[in-house]
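**Q** Could you put the whole structure together from the sequences, leaning on the hints where they help?
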Amino acid sequence: YIHIINKADMAASKGLKILVGCKRVIDYAVKVRVKPDRSGVVTEGVKHSMNPFDEIAVEEAVRMKEKKLAGEAVAISVGPPQSQETLRTALAMGIDRAIHVEIPLAQLEKLQPIHVSKLLAKVCESEKPDLVILGKQAIDDDCNQTGQMLAALLDWPQATFASKIEPSQDSKQLRVTREVDGGMETIDVSVPAVVTSDLRLNEPRYATLPNIMKAKKKPLAKMSPDQLGVDLQPRQEVISVEDPPVRKAGAKVESVEDLVGKLREKGLVK
Amino acid sequence: PQLLLRRRPASAGAFALLARPASSASGGLPPLTTEIHPGIKRGAFSQLTDADVSAFEAIVGGDHVIKDADEVLSYNIDWLRICRGQGQLVLRPKTTEEVSAIVRHCNKRRLAVVPQGGNTGLVGGSVPLFDEIVISTSRMNSLLSIDPVSGVLVAEAGCVLEQLDREAASQGLMMPLDLGAKGSCQIGGNLATNAGGLRLLRYGSLRGTTLGLEAVLPTGQVLDCLTTLRKDNTGYDIKQLLIGSEGTLGIITKAAILCPARPKSVQLAFLGLDSFQAVLDTYRLARRSLGEILSAFEFIDSESMRAVKKNLGLSCPLGEHSFYVLAETSGSNETHDREKLDGFIESVMSMDGCATDGTVAQDAGQFAHLWSLRERIVESLLVDGYEYKYDVSLPLADIYRLVEHMRTRLDGRVIRTAGYGHLGDGNLHLNFTTPKFDAKVLELIEPHVFDWVRDRRGSVSAEHGLGLKKSQYIRHSKADFAVRVMAEVKRLLDPNGIMNPYKVLPDE
Chain W
1 YIHIINKADM AASKGLKILV GCKRVIDYAV KVRVKPDRSG VVTEGVKHSM
51 NPFDEIAVEE AVRMKEKKLA GEAVAISVGP PQSQETLRTA LAMGIDRAIH
101 VEIPLAQLEK LQPIHVSKLL AKVCESEKPD LVILGKQAID DDCNQTGQML
151 AALLDWPQAT FASKIEPSQD SKQLRVTREV DGGMETIDVS VPAVVTSDLR
201 LNEPRYATLP NIMKAKKKPL AKMSPDQLGV DLQPRQEVIS VEDPPVRKAG
251 AKVESVEDLV GKLREKGLVK
Chain S
1 PQLLLRRRPA SAGAFALLAR PASSASGGLP PLTTEIHPGI KRGAFSQLTD
51 ADVSAFEAIV GGDHVIKDAD EVLSYNIDWL RICRGQGQLV LRPKTTEEVS
101 AIVRHCNKRR LAVVPQGGNT GLVGGSVPLF DEIVISTSRM NSLLSIDPVS
151 GVLVAEAGCV LEQLDREAAS QGLMMPLDLG AKGSCQIGGN LATNAGGLRL
201 LRYGSLRGTT LGLEAVLPTG QVLDCLTTLR KDNTGYDIKQ LLIGSEGTLG
251 IITKAAILCP ARPKSVQLAF LGLDSFQAVL DTYRLARRSL GEILSAFEFI
301 DSESMRAVKK NLGLSCPLGE HSFYVLAETS GSNETHDREK LDGFIESVMS
351 MDGCATDGTV AQDAGQFAHL WSLRERIVES LLVDGYEYKY DVSLPLADIY
401 RLVEHMRTRL DGRVIRTAGY GHLGDGNLHL NFTTPKFDAK VLELIEPHVF
451 DWVRDRRGSV SAEHGLGLKK SQYIRHSKAD FAVRVMAEVK RLLDPNGIMN
501 PYKVLPDE
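Residue numbers (the numbering used here), protein chains in the order written: chain W, 1 to 270; chain S, 1 to 508.
If you are wondering where the hints come from, they were derived from the structure by calculation, not from laboratory data. Treat each hint with caution, since some may be false.
DEER-style ranges, computed between Cβ atoms [what the hints assert, rightly or not]:
no.	chain 1	residue 1	chain 2	residue 2	range
1	W	Pro245	S	Ser170	18 to 24 Å
2	S	Asp147	W	Glu265	39 to 45 Å
3	W	Glu125	S	Ser275	51 to 57 Å
4	W	Gly45	S	Glu320	38 to 44 Å
Owing to the predicted nature of the structure, the values given are computational and were not obtained by experimental measurement. No residue lacks a Cβ here, since even glycine has one placed at the ideal position from N, Cα and C.
**A** The structure is reproduced here in structure tokens:
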């Protein structure tokens, strides 16, 4: 469906309803280790936190609320029981309520963006948000697919790699500045829409103690993939996970002749 | 000049590579230490001759005898840039045998020496005063062994603390101490100064965690007490004499350290408080609610925070408060620890007059940023110009009284009076800054600040040691007879007094 909100609406009405996706990933500062059986990486006992791009998405939603552009912000996470902690962080940053789609451990490792986007699409059907903000990609799989797939499933416009979100000139749409290879692209999208956040969108706030305490009392609803009627059958099979090749030490040469000699040795010049 | 490399990932902002701050006193070099302390006379040591230099070259090899004035200069200046010695020669041995041969020669010839590790000491103990020969342990940087079962790590004295911690991490262990200088300081120096640091509260001091060491005594003899046993009550524990001796009883060449298990879950709460009483109350609460998982409890006053914000441009996520507290927990189970931390926070917020503002680090980036607000205070104060550093132990209730007292006393004479430190250890770091060294300001501070501490039975040097800068005040915290016994021990082990003279024990 399409419904367009104009400035008068944005001010007078309760504002946009935003749904923010958060993923629990291995903390970016952790040195990731490959499991000895090469089936994946070690996650047991390893520090996890919210995907940095999702933190940015949460921050943007909270800011839009503070600017009165948004009325309600809901966070959603698809993941194991511990994803609730990630949602609590979002709540502590200012999100109003949270939804946890719990994935049983057996299916967790095989979960792909296609499944997540289908789950999110189902939730959008009932929640009816005006705007979905997701992180542009998760730092564990670097897929950069969920946002785009979700927009396609919902047949909503998408504005990916956002570095700025504001009302459009005529206030009937959202003006999003995107970071693209050639520079910055500015587009207007009508709501409802899917936006994915890029690094420069904002700098996430620290959760303050009063908000951390308040977060405990905010509603956190649980759902299962079965309830949402989504099939989590994996479409891909991970064959192996390996460390990148160890970088070989270089060699220093003293002169141009040396350099040419070494290049010849290695068969790089004839 | 030495570089301090930050270990933890940087917060918003570039990876902070700390260069040693440029001296602002003369826009270049600090004044000669002999000019600041004209009363100290050069001991009856021999002068360095070409024959000596040749002897050293034969021991360590020509490449590792540094004679070039520019290179030697950097070994003569301490990290704080308040000292400049006149040493002419730096030796860089690779093995204990080489150290032993060097020291034997120096003892025979009555040549004074200064052992030097990372040169990050804060009391002028690691650099020459006159023409002492610097013996650097930097090349003795091999990790000898780590036993993942017992947790015992054996390393040469020149290993950098941060690197040892990384190696320990690969075995699920951690070094039992952590301090701001970790990227440059060496384990030998840590032992020689009995370094404290941020986690003494949890893991204890090096006196407990050092199981054994090997050292070269001032006569050149090698003292082998390098055991990896947890318990060994066979005779006098001589290594304890060397720990904390600040290089005056010998040169430590190897150490065996008991490493604790690396915690699976580390949490950090950062609180804003408006009175020192609130800081003390929060500490009591922390001990009760966090108890066994509390791994650090630091306090920062508003002046220190102002310095860090203004001089280094770091941002503080909390508003303006009189005090800030960092409470860190380390444990084996994240869920349990978060629950304990939640309980602590709830108590702290409901307690009258307690924390009014605060945050808990949500990820490694926030964790590193919050710690940098404490760890980079020293660096930020150096930007003001010249820093007068004091490190004292006091009864908890007196800690901030000293800061307020000195702030009033120095009002108008200094840029700022900053107080912060290891509250859990009763250890205050008190610093004053002026644009340039000001002898009148120093006169207003010393000996008054030491007298104040003595009168409350505190320690005039909690963890930094006496070095050169505080040796004259040893009797403020130690009985005269105790000092005389120390002098006897020094005479016994160093009959010619060549090992780091002018340091630790007072002149007579």
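**Q** Would you list, in rising numerical order, the hints stated earlier that this structure does not obey?
**A** none
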